[in-house]
Every structure is written in C-alpha cells, then in structure tokens.
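Working from the sequences, and respecting the hints, build out all of it.
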Amino acid sequence: MWRSACGLSVRAAERAIHRKCSHRLYAHNAEKPPPQSSPRTQAEKERRRRDKEEAILSSQHNNVEDQGMKWSEKERIAYSVSTPPGEKKDTTLPFPSSYSPEYVETSWYPWWEKEGFFTPEINDRLPHAVNRSFSMCIPPPNVTGTLHLGHALTVAIEDALVRWRRMQGYKVVWVPGCDHAGIATQTVVERRLFRERGKRRQDLSREEFLKEVWTWKKEKGEEIYHQLRKLGASLDWSRACFTMDPVRHSAVTEAFVRLCDSGLIYRSEGLVNWSCALESAISDIEVDSKQLSGRTLLSVPGYQNRVEFGTMVTFSYPIDGQDGEVAVSTTRPETMLGDVAIAVHPEDPRYQAVHGKQCRHPFADRLLPIITDTLVDMELGTGAVKVTPAHDHTDFLLSQRHSLPRLTVIGGDEISNLSLPSQGVKRFDAREQVIDALTEKMLFRGKRDHAMSLPVCSRSGDVIEPLLKKQWFVRCGEMAQRAIQAVDEGQLEIIPHFYNKTWCSWLSNISDWCISRQLWWGHQIPAYRVTLSDSTDTQEPVVLFVCFRLARLHPLSLSLSMSDPDVLDTWFSSGLFPFAMLGWPQQTSDLRQFYPNTILETGSDLIFFWVARMVMLGTELTGQLPFKQVLLHSLVRDKHGRKMSKSLGNVIDPLDVISAPDSCLSVPYGVQRKDFPKGIPECGTDALRFALCSYKAQGEDISLSVSQVLSCRHFCNKMWQTVRFTLGVLEDRGTSPLNSMDQWVCSRLYSTVLQCEQGFERYELHSVTAALHSFWLHSLCDIYLECIKPVLSQDSGAGEAVLYHCVSVSLALLSPFMPFLTEELWQRLYLLKGEGGDSAGASLSALSTAVHLLLMDCTRFDSSCCEMLPHSSTKAPASSRTFLGGMTLTCSMGLRSGLFAGHGRTLTFLSCRKSRTERAACHAGGSCQDEPAGRVPHEGGRCLPFNTQR
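Per UniProt numbering, the sequence shown runs over residues 1 to 950.
Just so you know, the hints here were simulated from the structure itself, not pulled from any lab data. Just to be clear, a hint being listed does not mean it is correct.
[Said to hold, decoys possible] For each label pair, taking beta carbons as the anchor points, the in silico distance ranges come out as:
hint	residue 1	residue 2	range
1	P349	Q400	23 to 33 Å
2	K218	T588	20 to 30 Å
3	R762	D449	44 to 54 Å
4	E75	A770	22 to 32 Å
5	K789	E489	53 to 63 Å
6	D449	G198	35 to 45 Å
7	K218	A770	35 to 45 Å
8	Q400	S508	15 to 25 Å
9	R197	Q721	52 to 62 Å
All C-beta atoms, glycine included, are put in the ideal place defined by N, C-alpha and C.
Written out as structure tokens, the structure reads:
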C-alpha cells in the first residue's frame, strides 16, 4: 500500500479524473489540435532532458557538490560488550574519542522494546502523564521489497511527532503494519517463480501459488520490520498488523457486507480499465496519461517490437443502398471491428443529407446507423465518429443514450471477432492487419501524426484497454460529498491548506470505484454465486450473487456454489486501516480510546489513492472521520530534482546511508558513481533522520543531497565532543552564582525551547531542527563554552550547573530526531549524576524529562517582547525584573518569564508573575517568593513545586 515516495503525482492523478481516451473525437474530451509549435516544444523538452542527463553525468556539473562531499573515512568503533537482546547497554565503558554510528546504535532498540517504552501502557508509569491521547498509524509499506528514502522520510517525521507527544505526557499509540499490495506482490512473486523454477502462475493451483506468496510475505515482512527498527521508529510492536491477517480479514468482510446492505456496493456490467499484462482491471487513479506529440514507438509488455502510437487513421464506411461514403478517423483502427454506429453533430452541414441512413460494415454483415449527437466535435478529424461502445468510455455513454448494442471484439490482449480472418492475433498486431484489409477494399484514406494522451497502467506500463466486464463497484457520490463538507466546515484539516482545492476538485468529479481485481492474492470477494432452481423446465436457472450473510438464508430452492473468484482492490482494505488496526468491527478498548486517530501523516501522492478513501469509508462505516488532521509531506527526489529510479541509477537505499556496508557503493553506476566515487559515507540513523527533517516537507519536492546528511553526521560528532567535554568538567566541586553569560545562554535555551514548541505545534519540523542546530552549534559551543573554558580551568565551579542544564535539556529536545545518539549521551550524563537505573524514567524514550516539560510550561513568553537591560538602567519598565549578574529581563506583554540561578547543585526559577496574594490563593498554605522561588507558575493556573537538584 506504502507507495513509493516517487510515485504518481497529484497533477497526474488529477488528469486521470478527466481522462477519456483522447483518440475519440468528441467535443467534451477530445484534445484540440495542438499549435504548430507543439511538436517542436515536445521535441525541445526531450532534447533538454537529454542535455540535463549528460550534464549531470559530466564532471563539471558535480564540481560544487564534490567540494561539499569531501570526506575521509572515519574509524569505526564497535560496541564489543556482549549484551543479550533486551538487556540495557553498558554505559560505564570508557567514553570513545569520537562519534561512531555503529557504536552508538547498538543494543538500544531491543532494550526500548523489551521495556515497553513504545506502548501506551507506559503512560501509567510516568510522573508527568496527562489525561490525553495521541494515535496515529504508519502508512503500511507494501510487502514487495525493501524500504526506500520516501519511507525513511515518513518514519523520521512521524517518529518525531510521536516522541514529542510522549514528552508531553500523552498516552501514545503508533501502530505498525504491512500491506499485502495485491497487484504488486503477485507480480514480483510470479517473476521470482519464473526466474527460479521456470513456472508461471497458471502452472500452479491457486492454493499452491498462495503458499508461495505467503512465503514471500514472511520473508519481506520481517525484513521491513527490521528496517523500521533500524530507523529507530518507536512503534508499538505488540499491536503490529497485516492487512490480510484474520482480524483485518474479518473487518474487510464486515465492511463489504455493510456497504452491500446499504446499496453502496453493487455488481454491474461496465467499462473498466483493463491491463492486459496484469490480466486484471485497475482503478482510474492507477492509470497514467502519457502525452505524445506525434508518431511515437513505445515498448509494450508482451510485444517484441515497439508499437506505433500518436497517429490517426482515416477510413470510409460505404453508405448502404446508395453511392457515397462517410469517412471516420481513429487512433485505434483495430476497434472498428466492434463498431455499431457512426455519430455526427446534428448541426454539421456536411452530413445533413445522411441523417438516419445506414452504412455497411466492410468485414461483417451488419448495418451501422448514422446517429446525431452534440457530443461530437465538428472541428476534429472528419467530424464523423465511429462508435464502439464495448471499448470506449464515451461510446459507452452514447450507447446508453441511443440504445445501441455493445459488441466485444477484444478479449484480453487478443482480437476475438470472427469477422477478421486472423482471429486470435494480438490487438496491436491486428491493427496493421485491419489497415491492410481496409487498403485491399480501397477504403483506407490515410494516416497522419496526431497529438494524443495515451492511458498507461502505472503498475505494469501496459497500454490500458477499456473492456466491458461485470464487476463490483462502490457508489462514491454521497460519500465524496461528505468528505468535501468535512474539509469545508473545518472538521478535517489538510496541511498544507493549498491541497483543499485539489481535494474538493477531485472528489467533485469522482466516479464509481471498481473494486474487483482478477487476481489470486488478496481478499477474495465475500459474495457467493446462487442459482434459483425452482423455475420451470423451459426457463433457464437464475444466477445471482449474494454476500455471505444473505447466504445463510435457505429458501426452498436455492443452490449455493463457490464464491466470486475475484479479489478486492488493495486500496479497499487499506481504506479501513485507521479503525481496523484498532480491532474494528469489535468494540475493543483500543477502538474506544484511540479512534478517531489524532492525525494521519503520509506522502502527498497518496491523497487520492488512500486518504480520500479512508475518509469516505471511515465516515460511512463508523459514523466518524478516521482522523482530525491530514499532514502531507513532499516527495523525495535526488539532489538534481529528478525522480529516483533504477533506470537512472540514482536510487539511494537509506540503509546504505546509515551503515555504508564495506564502505562501497551499493549501486556503482550512472550518476551514483559520479556523486560518490569513494562510496556513500557512513552517516548513521540519527544523521539521516535529522537531515530529512531539516527540509521543508510541506510544499515543493525535497531534493535530497547526501552531503546534507554528511553535514548532520558532523553535527552528531559535535554533540559527542560537547558531552565528552561536559563529562570532564562536571566534578564534585562547589558552584558560584550565575554571571551574565550564564544568564544569556539560559535565555537562549528557553528561546530555543519556545521555538521548538511552536514548530512542533505547526508541524514545521525544519524550524525545530534549525533552532536546535543553531543553539547547540553557535550559542552553546561557539560562544558559551569558549567563554567559560578559562573560568572552568580555574576550578571555581562556575557555570557547571548551567552547562549541565543546557546539555541535558538540549538532548531531550533533540531526542525526537536523534533517538540513538541522545539516549547514549543522556545515559552517560545521568550516570555521572548517579541517576541511572532500570526504571522507565531512566530512558529518554520513556521520557523521564519532567524538568524539560515543566520548562516548556514555565517559559512560554515571546522572545521578541523581551530584552536584556543593564542593571543600572533608569528606563527599565515596572514589569522588569532584576536578576543575578546585573541583567534585567523586560517583558512588555506581562507574560510569565524568568531565568535560572545556580545555588549549589539546584537550579531554581527566579520569577513568578503572580502577586503574593494570587500565589497564596492558588496554593493555600504554600510559599512563592519573589527571590529564588520554591514554586513556579503553571499553565493550569496554580503553582507547582519545582526542584531540579542534580
């Protein structure tokens, strides 16, 4: 289900809404003749694309990037202590001299998982817990292979949000899962079966083939879960689910039956998008539109030679009973074998004399009526249109208007019409035979280039063939209107908001959803073929389909046979995921507590495939929106802004960036070789996650550069060296009151805390990472540490408490992005203070950071309204407060503010904006003094104890 982040774009999906085969010549959907410059424009675009590829491969294009990618391979330090899985890592070992991702990331995740730090039940053990919940599901990746950078971006964003909510004391559930991905998984298993054993799917029984697929699922599913753990995703593995496990299968069956009972699912004959390569129908949004400027030769699955497209063929139909003919034009001459009529515009003067007459088909003994309809565009082609209802969407509509028969002449990828001598040939091979036969009968009138939009299967690359078949459909009209209304009324928020227009436009033009798939892998449709056998001998038995609950009824004469062999569209089961993962249709405790989900975060390319369907199905089946907010991130491209693909050689495996096995390039060809001649450097999980979150994820696509990830690895080493230095100076010696530099760095820290809180609330993670990077690198290291080093060297103890405070709070702030590194450093820092242990509070993943959370509550002031004034200033306003070191904090808005002072090893808040009377009233019997306070103001309106003694 979890598509690739480089998949179908929103614009391509929008084109699929209005796509009708452009080879038809109708006013409402046919393409207008392109300007004379259009072919040249297309050719120019192709030339520029080739030039860009050559420039990328040339050394001159990479000079700037190469300068940023200069790096030397770092020493790999391994964690050598044997630690049983689930046991806590030994942090009493000597502190390594430099940062090594391999050393840092070892052993932490199994311990987190064993201790249950990722389950909502941990909330009951936390002192800072609040009575609020946060729930989210991961977009379940397909069991078709390994994860890519698009998945890594999703994990980095979602895990940061999840860990942030845990820091705030929320009861958090983040559910993992995998999607069975019907078409994609069946395709890759068929390929492996043929490659390894030389067998095709049809050589096995359905049961035998499904065993092969389940074996594949077990292998790939475990591999995907391993990769998610490698990325540090704090998922609740006790709730992991698969879209075809028994609980989810029960949910799919229940959903199908309920929708059938309400009349929203029906079975009918209709035109579907048929992929001959897959031998299955696909949905409208799985059809890509390939724009052709003229004659183009394309590779089509199943054909050795390239097939010609982008041409228009003109031929004539003789008028029956008189001299004369009607010329028609088409881009698919092979479909003329199924023509049942000819349509002209009623106001076209060229055809006024032939209204109501008939033409004779040259290859079949049947007459084609000449009908009139305003759908025909007089300006295109000859102005007369051949009508093939069984193989064209608009022709199907005409057949309904004019009660025309529907003659099927293409079965799968072959011509099945008996009127052609070469029956059974493939459809595109038959195209040439039809033209030759028309030429022989002297009815061929020519062929010319024609700009067109070619429908192509996004799954297989096959050219889509509209075929008339009996399928199962979902009525989407009313559900779509409710989804539009939810956004318009603010019940559902889509972030960024510019997607609102796209959402409403697509849902306003939605058609009924074909959910049948002619596959073996997937949820078999829970409908059974029933034969009513109580008819008379002269009547044929009536065959119906009923869903399984109706099949329990046993009329006097009812024969129940096997179920429908088709399976449901993968997106049908995926659309149930937000509530099916919580145990629906059973009213489980998880469903009552965590549904609706708080937010859905996913790629913008899934807004139609997945998001819209979840909203429609969730609202219909549960009576509630499945989530309150939708956060859409951009797609990941390479550093040159190109889509990542194997053919371009620019695909980057996130695991290669994390661990760089053998320091060699995993894909040593094409652009990769130019970009990374020495291989991809080992950057680690934390650097990759921090780099991905540093990009603005909402808006334009992300052009990921590995040099940016390498820069974040350098930042990791800076953090490592800073804590190493801090551990060296935090000895048991006295401290002195804070000076102005201590107060300054504290003010910068609290300003950073505020920026982080605001960035998280707005889901602008790039602003959070920028604030943290700036504080640690510039405020803490470049300024504060350099200023206090001479003081620390005098063994005066000044600044130790502030240094410890800044480092520990910064690690907590960075932990949502860098879970492994911050855990390693935090454990060593707190071990020095004698606060380590095996309790839940001994891990940043469990967030025993009540101090940090209290800071966020106590320092919510706008830094733009505060300034530092000299103590001697006579212009300090009445709302100003004087602190140690002769600094005054001025707050023009009267909001709560304050700084910390060091007294021994206790950091104490100095300011409370309430009066003595107010403090006494809000905390009867307590004290809240103006000077070093024992209590601080709290968001809830009462003063709380505050003691950060370390």
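Each hint, compared with the structure:
1. P349 with Q400: 23 to 33 Å: holds (28 Å)
2. K218 with T588: 20 to 30 Å: holds (26 Å)
3. R762 with D449: 44 to 54 Å: Holds: the Cβ-Cβ distance is about 51 Å, inside 44 to 54 Å.
4. E75 with A770: 22 to 32 Å: At roughly 30 Å between Cβ atoms, A770 and E75 fall inside 22 to 32 Å, so the hint holds.
5. K789 with E489: 53 to 63 Å: holds (59 Å)
6. D449 with G198: 35 to 45 Å: At 43 Å between Cβs, range holds.
7. K218 with A770: 35 to 45 Å: holds (42 Å)
8. Q400 with S508: 15 to 25 Å: holds (22 Å)
9. R197 with Q721: 52 to 62 Å: With Cβ atoms ~55 Å apart, the hint holds.
Comparing the model with each earlier hint shows no violations; every hint is respected.
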